[in-house]
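Participant: Those protein sequence lines, which keep their order, are chains F and G.
Counting from 0, one number per residue, gives the positions in the first sequence under numbering that gives the first Met the number 0.
Counting from 0, one number per residue, gives the positions in the second sequence under numbering that gives the first Met the number 0.
Note that these hints are calculated values from the structure, not bench results.
Ideal Cβ placement from N, Cα and C applies to all residues, glycine included.
Fair warning: there could be bad hints in the mix.
Incomplete in silico selection of chain F near chain G, CB under 8 Å [claimed, not checked]:
#: 1; residue: G224
#: 2; residue: A247
#: 3; residue: V252
#: 4; residue: L256
Derived CB-CB ranges, DEER-like [claimed, not checked]:
#: 5; chain 1: G; residue 1: F46; chain 2: F; residue 2: R176; range: 31 to 37 Å
#: 6; chain 1: G; residue 1: S41; chain 2: F; residue 2: R176; range: 27 to 33 Å
#: 7; chain 1: G; residue 1: S41; chain 2: F; residue 2: G97; range: 50 to 56 Å
#: 8; chain 1: F; residue 1: Q292; chain 2: G; residue 2: S41; range: 45 to 51 Å
#: 9; chain 1: G; residue 1: S41; chain 2: F; residue 2: Q99; range: 28 to 34 Å
#: 10; chain 1: F; residue 1: E96; chain 2: G; residue 2: S41; range: 44 to 50 Å
#: 11; chain 1: G; residue 1: S41; chain 2: F; residue 2: R173; range: 33 to 39 Å
#: 12; chain 1: G; residue 1: S41; chain 2: F; residue 2: D131; range: 33 to 39 Å
#: 13; chain 1: F; residue 1: G97; chain 2: G; residue 2: F46; range: 36 to 42 Å
#: 14; chain 1: F; residue 1: R250; chain 2: G; residue 2: F46; range: 53 to 59 Å
#: 15; chain 1: G; residue 1: S41; chain 2: F; residue 2: Q119; range: 16 to 22 Å
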Amino acid sequence: MPSTLLQPDILARAEALGVMAKQVVEGLRVGDHKSPYRGFSVEFVQHREYVPGDDIRHIDWKSYGRSERYTIKQYEQETNFTAHIVADTSNSMRYGEGLQNKHEYAKLLAASLTYVIVKQRDAVSLRLFDSDWRAELPGSSQMRHVNVVCKTLEEAKPADKTGTGALLEQLAERVSRRGIVFVITDGFDDVEPMLKGLRHLRFRGHEVVLFHVLHRDEIEFPLDGNVRFIDLEGIGQLMTRPHMLRPAYLRAVQEYLKAMEKGCDVGRVEYVRLVTDKPMQAALGDYLVKRLQISPR
Amino acid sequence: MMLLGAAAIAVPLALHFFYRARYRPLPWAAMTFLKQAIEQTSRRLRFQEILLLLLRCAVLLLLAFAIARPTFSGSTAAGRGESVDAVFVFDTSYSMGARDGEKSRIERAKEAALTAIENLPPRSTVQIFSCADRVAALGPISPGNLDQARQIVETIALSSLTTDLLPGITEAQNALERGAGTNKEVYIFTDMQKLGWDRQAAAIRAKCDEIKQRATLLLVRCGNPERPVRNVSVVDISSPGVEIPHSGTRIPFAVLIRNTGKEPVRNVAVALEVDGKSLEKEGEVIEVINPGETLPVTLTAKLDAAGPRVVTATITNDDLPGDNRLDKIIMVRDQLRIVIVDGSPNTRDPKEASSHYIRNAILPVSSGDLDNYFVRVTVVPADEAGPGLLGVCDVCILANVPASSADRPGIPGLSKEFVDRLGEYVKNGGGLLIGLGDNIVPARYNQVLGLTGANLLPFDLEDAIVATADKPFKIAPDTTDTPSYLERFKDEPFRTVMADVDVMKLIGIKTTGSPNGRVLMRMTDQKPFLSSRVIGEGEVILVAGSLDARWSNWPAKAGSYLSFARMTLQHLTGKAARGANRIAGETLIWNPTEATKPFAVRQPDGKRMKLGKATGGEGGKKLTVTAADTSLSGVYQIGVEDEEPLNGPRFAVAPDLRETDDLTSMTDGEVEQFLGFKPVFLQANSANEQGIANERSKREWTVWVLLALFFFVVGESFWAWYCGKAW
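Next up, chain F with everything else stripped away, as it sits in the complex (with noise of 0.2 Å):
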């Protein structure tokens, strides 16, 4: 039975835009990104002068025959890519009705994200947290691989706080091989740990594209009334008039949504703000078009 989490319309759509790794990652298998290690692939890259130690077998003798010098004839290597897959699955990303739900949201969008680069041969591994790490899948390009990774999707349930820093931290000690390291959460946790965790990815290698699912509430506060409003996270409650406290809330926000912004483009992360009210084909898609065209490919 096909997963629900993969919808077809979304996965046309992505399938055709497919996945470019805007940077070199590495590849466990020749495939459509490029390689850092430069070797013995299809695409040349330089010369460079031999050094002992080298293999004879890449010495370019057609050069040595122009020059009468030894020079090594280097190759780009296209490679496979892992692709992290790391989604929030704390109580806060609980908020939101129906296909709004930013739990499901992100859900559909790990999944959407699963099976467009296992369709193009590349590995993807899940990590599911909240303040700890709840479910992990290790890295694979085989396609029923997409099946484990939705049937995971579909199993999580949202429990407990966000930890998202300590355990970005953590992924980036654990991943040693380079990759592309796609962070889905609400981001409602404290903005400088969280930061640095999604730097300390970059400065492991990794491409990190952080995707911050919000509902359109929690941006422009439309509340009304008196409210009580219940933490998702368990921390307490508070009874107001949403309608007094809009300016302030949305200060609030704005302050936090720069910080954030401003902090993925310092540490060169990938910031990518993602409504819950915009249909997940048409935001998956401007991504990977916008992707697209950025790539150096």
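Got chain F; can you put chain G on it based on the hints?
Facilitator: Same frame as chain F, but now just chain G:
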């Protein structure tokens, strides 16, 4: 009602707190930003909330106020629509009878009261009181019976009493206590005469202040402020000379009239009649009497029969009828019996007898006419003076009589029996004149007739004082005590003739230690010369000198001595009628001889009032019948209840002339200053209805409350919209 409405402010308060439980729960993720927003705005929010709450409370409070139809004066003042507990106090002093326009003041008061009743809202009550210097509750029996209240108002009658508003105001305050309603009005219908406010000023001020706290005080001015009252009073009826009224004579009376108003009164007709016999009435028209002027008008009256007679003086042609009539009862005698006890009789030379001059002064007729003269004088030596003499005696004179035979060896004095009877005689209304002389031993006099004895002397006697031949003692008529029957000695010609008397010797008078005695006239060196003491119904006159010519030349000064003798006789014999002449408000007292049946009194208006049975009678006390209600001037008669007509004694009750001594009315400003606050002033006239209605509506500030309510509602709506349109 208003408090009930005000309690409604509990509603927004309750909602304010209740609505905390009515918050819509919403699971929320972005709590951090919410907290930041609240931290930044909580103070402003709280301010907005409190302001909104206050506005809503104010709206409800104002609504409650508006429903209660609040008023400006007094917490219990009524608006136009709510029932009123009204208390009417009518000033029934006789100045309210003044006709200072087309209507009299009391007529205006009645009209104003009827208008006030007409304008009372449904379910109102009325309690009516009349008040002069005392208060009477007139009804109605059921305060809600306004028809009965109207009838009572129409039958209100004036008294002959003075104004004192305190009793009425006090009773009005008590009536307010009894009223069950919350809206109270006290109407005082008065001419605002200054006297009524001044008599007990502090107490009136305090009472009005208390009334103000609980009711609206409305002072209805019944006088015409543009027309001063022209008033002439009959002040007194007196005998201008020294005539003693006796039957069969026509004697002159001085009718004293006074203009107490501020304008001259012209063509005042003065008339005098006896026992209501108008045919024998004598009258005179006074062309003009100026403000403040007092005029004696001498008119004669024919006294036909002996006994108490009612002499009535009336005047006409002024604005205030209450003091235009004065009744006075005089005792008319067939004969006047006088006993002179002579301490030094002298049959050989009567001029040397101590009784000689006083006897001749009493009998100013020739010896041939003595039998026809109404005064009968009996002169007896002291040793012949027995108690039986006093039984048929109107005045007793002791002329140089020792107190007892033991005082002066060889000179007979008063017997003990006579002295004992003399005490009783005076107490029962007899007159006693004591003249001193050489036979008197002061210590013995004090012992026998003084405090330790018969207790008849006004003061204790001291030793005799002798003047030098070249410097005799002089009588000082200016020292005459007033009021007294001798006060005419202060005026000419009596003054001069009295001052001309040389006194060579007199007995000292110890004026201390006898509170009942009264010095009537002194010498120029302030030694007492004439003194008196009222004992029971009688009176004792003591002359510190002698009644003969031994100690002074007084008997030779006929103008002085005769006048003194006649005035004293007139005074002592007139005493019998004195209890019968009262002033309105005073109690009538009669001592009947038997009291088996109840008594009644007929009032001047013809009404008979039951008095019940006489009191006393036990232990030697006299039987006494009293009639306390004498608010009307005129002639009262007491008698046995069954008799028709009543046959008891008559009493003449005069109006209380203090009422018209000063007819000044206080202005609104003066009353306000007097009270210390501004009551509601109304003028009793045809516009009274409108005045009361205006006053009630003026007191209401509902319109202003509604206006404020409107603004508050608008403010609340705006603020609620600004704060987010709703809770």
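Participant: Could you tell me which of the numbered hints above are not met by this structure, giving the numbers in increasing order?
Facilitator: Violated: hints 4, 5, 6, 7, 10, 11, 14 and 15.
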